[in-house]
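We have chain X; now place chain L onto it with these hints.
Protein chains: 2
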Amino acid sequence: MSDPLPADHATRRALIVGTGLIGGSLGSGLRRRGWHVTGRDADADRAKRAVEVGAVDEIGEGLDADLVVIATPVAAAPAVASAILAEPGRPDHMVVTDVSGVKVPVVDAVRHPRFIGGHPMAGSEQSGIDGADPDLFVGATWVLTPTVDTDPGAFALLSDIITELGADVIALSAADHDRLVAVVSHVPHLVAATLMNAASEGAKADGALLRLAAGGFRDMTRIAAGQPSIWPDICADNADAIVTGLDRLLDDLANLRDKVAAGDSAALLDLLQRASTARRELPASGTRPDRLAEIRVPVFDRQGVLAEFTSLAGDLGINIYDLVIAHSAEGPRGVLTLVVGADEAEELRRAIEGRGHICTVTELS
Amino acid sequence: MSDPLPADHATRRALIVGTGLIGGSLGSGLRRRGWHVTGRDADADRAKRAVEVGAVDEIGEGLDADLVVIATPVAAAPAVASAILAEPGRPDHMVVTDVSGVKVPVVDAVRHPRFIGGHPMAGSEQSGIDGADPDLFVGATWVLTPTVDTDPGAFALLSDIITELGADVIALSAADHDRLVAVVSHVPHLVAATLMNAASEGAKADGALLRLAAGGFRDMTRIAAGQPSIWPDICADNADAIVTGLDRLLDDLANLRDKVAAGDSAALLDLLQRASTARRELPASGTRPDRLAEIRVPVFDRQGVLAEFTSLAGDLGINIYDLVIAHSAEGPRGVLTLVVGADEAEELRRAIEGRGHICTVTELS
Chain X
2 MSDPLPADHA
12 TRRALIVGTG
22 LIGGSLGSGL
32 RRRGWHVTGR
42 DADADRAKRA
52 VEVGAVDEIG
62 EGLDADLVVI
72 ATPVAAAPAV
82 ASAILAEPGR
92 PDHMVVTDVS
102 GVKVPVVDAV
112 RHPRFIGGHP
122 MAGSEQSGID
132 GADPDLFVGA
142 TWVLTPTVDT
152 DPGAFALLSD
162 IITELGADVI
172 ALSAADHDRL
182 VAVVSHVPHL
192 VAATLMNAAS
202 EGAKADGALL
212 RLAAGGFRDM
222 TRIAAGQPSI
232 WPDICADNAD
242 AIVTGLDRLL
252 DDLANLRDKV
262 AAGDSAALLD
272 LLQRASTARR
282 ELPASGTRPD
292 RLAEIRVPVF
302 DRQGVLAEFT
312 SLAGDLGINI
322 YDLVIAHSAE
332 GPRGVLTLVV
342 GADEAEELRR
352 AIEGRGHICT
362 VTELS
Chain L
2 MSDPLPADHA
12 TRRALIVGTG
22 LIGGSLGSGL
32 RRRGWHVTGR
42 DADADRAKRA
52 VEVGAVDEIG
62 EGLDADLVVI
72 ATPVAAAPAV
82 ASAILAEPGR
92 PDHMVVTDVS
102 GVKVPVVDAV
112 RHPRFIGGHP
122 MAGSEQSGID
132 GADPDLFVGA
142 TWVLTPTVDT
152 DPGAFALLSD
162 IITELGADVI
172 ALSAADHDRL
182 VAVVSHVPHL
192 VAATLMNAAS
202 EGAKADGALL
212 RLAAGGFRDM
222 TRIAAGQPSI
232 WPDICADNAD
242 AIVTGLDRLL
252 DDLANLRDKV
262 AAGDSAALLD
272 LLQRASTARR
282 ELPASGTRPD
292 RLAEIRVPVF
302 DRQGVLAEFT
312 SLAGDLGINI
322 YDLVIAHSAE
332 GPRGVLTLVV
342 GADEAEELRR
352 AIEGRGHICT
362 VTELS
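Heads up: the protein sequence lines correspond to chains X and L, in order. Residues 2 to 366 in the numbering used here are what the first sequence spells out, letter by letter. Residues 2 to 366 in the numbering used here are what the second sequence spells out, letter by letter.
Bound-form chain X, shown alone (with noise of 0.2 Å):
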């Protein structure tokens, strides 16, 4: 719907900074969709294998680039995006984005209104280049994270282009970001190397352990087996998100404990029987709902308002698969439109309207 690019500019241009996984699969994804990708990667030899496995079409600075997508690791981010956005003569309409798995950090640090921190939700036990691959945020959740100072028209156009990719865009504050992916990432990450490592301590006394290792173990601990050294920046940077985590976890298996040692079995059903209700509930990634609806909200047009907007619609769960403001040519109103599920329509238009606006919803045939 929106097309912030110039008439002129017949291929899209990518510049990606980071050819791992994450930018190799970016890389080779934006070329399978028709754009022209330039990377480039602080070891060489890793730039010229992403030009080799086809991630990437040339190693160089890519100085007319629409998109800029930071993918190196998290302490160099910040200083790799604020350079990119300060070089003269790159492109107005220019947006940079990066992949970092802590968002607090990235964005406190880089404010400029064409910079949204980014967090797709795919993974793979893989890493490297030569796991790279242009599906692999296909039903993927993208977590875009806007501010306050963030151009509306740079947060349509990439979140038109991750759409393309076949993510769902999901905006949240960079701080609840943090706090979410503590919960459903960072800490079960933790524990499933901490599985890992007890059973294979355990299997230097008993050789049959890990023969016992079936397909439930197999799956808890399969994470456990990516890079190690993307993990401490994590725990450092999300410390504070990642102890409470651990220690609701401590008291929540304390708990556990205690209840198995009384043989309180009523206790341990019911507990056991809400995880296999709420396991089997877990929203299933990648199911783009078949009805979308539209919801218009005439706003001021200014600084924040998309913030605001696509921020209530993350804190209520709600992904946002298409969004546009179209300006006024007589003065400071604008129409912000926001594509959502339809079922979730009538949720996002009342948390709306009790903010105090007004706004139309209309479903789309």
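Since the hints were derived computationally from the structure, they do not count as laboratory data. Where a beta carbon is used, it is the ideal one built from N, C-alpha and C, also for glycine. Heads up, a few of these hints could be off.
Below, a list of computed lysine-lysine pairs in the DSBU-like style, where the Cα atoms sit at most 35 Å apart [as the list claims (entries may be wrong)]:
#, chain 1, residue 1, chain 2, residue 2
1, X, K260, L, K205
2, L, K260, X, K205
3, L, K260, L, K205
4, X, K260, X, K205
5, X, K260, L, K260
Computed Cβ-Cβ distance ranges for the label pairs, DEER-style [what the hints assert, rightly or not]:
#, chain 1, residue 1, chain 2, residue 2, range
6, X, D291, L, R281, 39 to 45 Å
7, X, G129, L, R297, 46 to 52 Å
8, L, G55, X, P284, 33 to 39 Å
9, L, P74, X, G305, 57 to 63 Å
10, X, A268, L, G61, 58 to 64 Å
11, L, R33, X, S266, 35 to 41 Å
12, X, G264, L, R297, 46 to 52 Å
13, X, D241, L, R281, 30 to 36 Å
14, X, G35, L, R292, 47 to 53 Å
15, L, T12, X, D134, 37 to 43 Å
16, X, D291, L, R34, 40 to 46 Å
17, X, R356, L, D259, 48 to 54 Å
18, X, S366, L, D291, 57 to 63 Å
19, X, D271, L, R281, 35 to 41 Å
Stretches of chain X that chain L covers, calculated by requiring three or more beta carbons in the stretch to come under 8 Å of a beta carbon on chain L [to be verified]:
#, segment
20, 182-189
21, 192-201
22, 207-221
23, 272-283
24, 312-326
Showing chain L alone in chain X's frame:
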């Protein structure tokens, strides 16, 4: 190699008591291999359904069964097994086994030379007869728990049947089995349920939380979707080992939490590196070695000799692919032959000789 069935017994016959997921899968698998399978179930509808889906040939008592598998809930298994073993008119060569996930309570209660406790380490988040799958056990590890009372011929027969179903037999004492499955199955299952419940609780306050649940979280909580009703019994029957496992996990996680809080990146990297290496080295299930070797041990042909050698292999984590005891016509001596992976034969030979036995190793071609 061993064939203790009467020569005139053209069709092998099995009785399966309890036609749920495991019983039904076993019935289907045996039927596919030419067995006649009789089923029964305390729930008449479930037994009927087992006939309808082709998991068993008929409903009945299977009085002429060569093999009886008790696939009831664990609480019922000892009484059912004992009743069948005491029934007059059943064949002398009959073997009875069960599939309960905790072995000490069953094996202690049913002391009989032709009863051998079993635990196929295969499952599914599916449950019930409609999830039955004749290939459920292909590549799975199947623990047998022979005791000093176990008849070697019964063990060899059961071991052959399990191998025919595509699973790998490993023999352990019931106590060792229960201690080890607490580490690789029971505690992980309870952790999966706890993680799922914490996320589900968190989602009440943060609608976006479960939208961020990517592949890692899905993998880690998949088993929590399984049938909750079996778990209170497992927790009761294996309480000591589960409490020990949870205490160990609580220590490990508290230690990890302190490292995150202290920002001890070196320790975190070490922990995650060890886990990643161990997970990548986790033996793949279902990888039967290309090269096998035969270990022959002259033994006194008496009760207990079988459990001694099979448990020795089990304690070393060595699967047994075939086993036979040749009886001497002239006295109390015989020869035990164990078939194991060629790469593991030397280790087992040393352990056997360490017990004061003589043995020979021959690689099979």
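Here is what the structure says about each hint:
Distance restraint check for X/K260 and L/K205: the Cα-Cα separation of roughly 25 Å lies within the 35 Å cut-off, and the hinted pair is therefore satisfied. Among the hinted pairs, L/K260 with X/K205 is consistent with the structure: their alpha-carbon atoms are about 25 Å apart, no more than 35 Å. With a CA separation close to 30 Å, the supplied pair L/K260 and L/K205 stays within the 35 Å bound. Proximity of X/K260 to X/K205 is assessed by CA-CA distance (about 30 Å); at most 35 Å being required, the pair is judged to hold.
Between the alpha carbons of X/K260 and L/K260 the distance comes to roughly 28 Å, so the proposed pair stays at or under 35 Å and holds. For X/D291 and L/R281, the hinted distance range of 39 to 45 Å is satisfied, since their beta carbons lie about 40 Å from each other. Here the CB-CB span from X/G129 to L/R297 is close to 48 Å, well matched to the stated 46 to 52 Å. Taking 33 to 39 Å as the suggested C-beta distance range, the pair L/G55 and X/P284 conforms, at roughly 35 Å.
Our hint of 57 to 63 Å for L/P74 and X/G305 holds, since their Cβ atoms are close to 59 Å apart. Between X/A268 and L/G61 the beta carbon distance is about 40 Å. The supplied range of 58 to 64 Å is therefore violated. For the pair L/R33 and X/S266, the beta carbons lie near 37 Å from each other, so the given range of 35 to 41 Å is met. Look at X/G264 against L/R297: about 47 Å separates their beta carbons, and that is inside 46 to 52 Å.
Between X/D241 and L/R281 the CB atoms are about 31 Å apart, so this pair conforms to the stated range of 30 to 36 Å. As the Cβ distance of X/G35 to L/R292 is approximately 52 Å, the hint placing it in 47 to 53 Å holds. Separation of L/T12 from X/D134 is about 50 Å and departs from the stated range, judged on CB atoms against 37 to 43 Å. For X/D291 and L/R34, the Cβ-Cβ distance of about 44 Å falls inside the hinted range of 40 to 46 Å, so the restraint holds.
Separation of X/R356 from L/D259 is about 42 Å and departs from the stated range, judged on CB atoms against 48 to 54 Å. The hinted window of 57 to 63 Å between X/S366 and L/D291 holds, with their beta carbons roughly 60 Å apart. Taking 35 to 41 Å as the suggested C-beta distance range, the pair X/D271 and L/R281 conforms, at roughly 37 Å. Counting residues of the segment 182-189 of chain X whose CB falls under 8 Å from any CB of chain L gives 6; the rule of at least 3 is met.
Check result for the segment 192-201 of chain X against chain L: holds, 10 residues qualifying (beta carbon to beta carbon below 8 Å, three or more required). Given as covered by chain L, the segment 207-221 of chain X passes the check, having 15 residues with a CB less than 8 Å from a CB of that chain where 3 are the minimum. With a cut-off of 8 Å between beta carbons, the segment 272-283 of chain X has 10 residues touching chain L; three or more are needed, and the interface restraint holds. Counting residues of the segment 312-326 of chain X whose CB falls under 8 Å from any CB of chain L gives 6; the rule of at least 3 is met.
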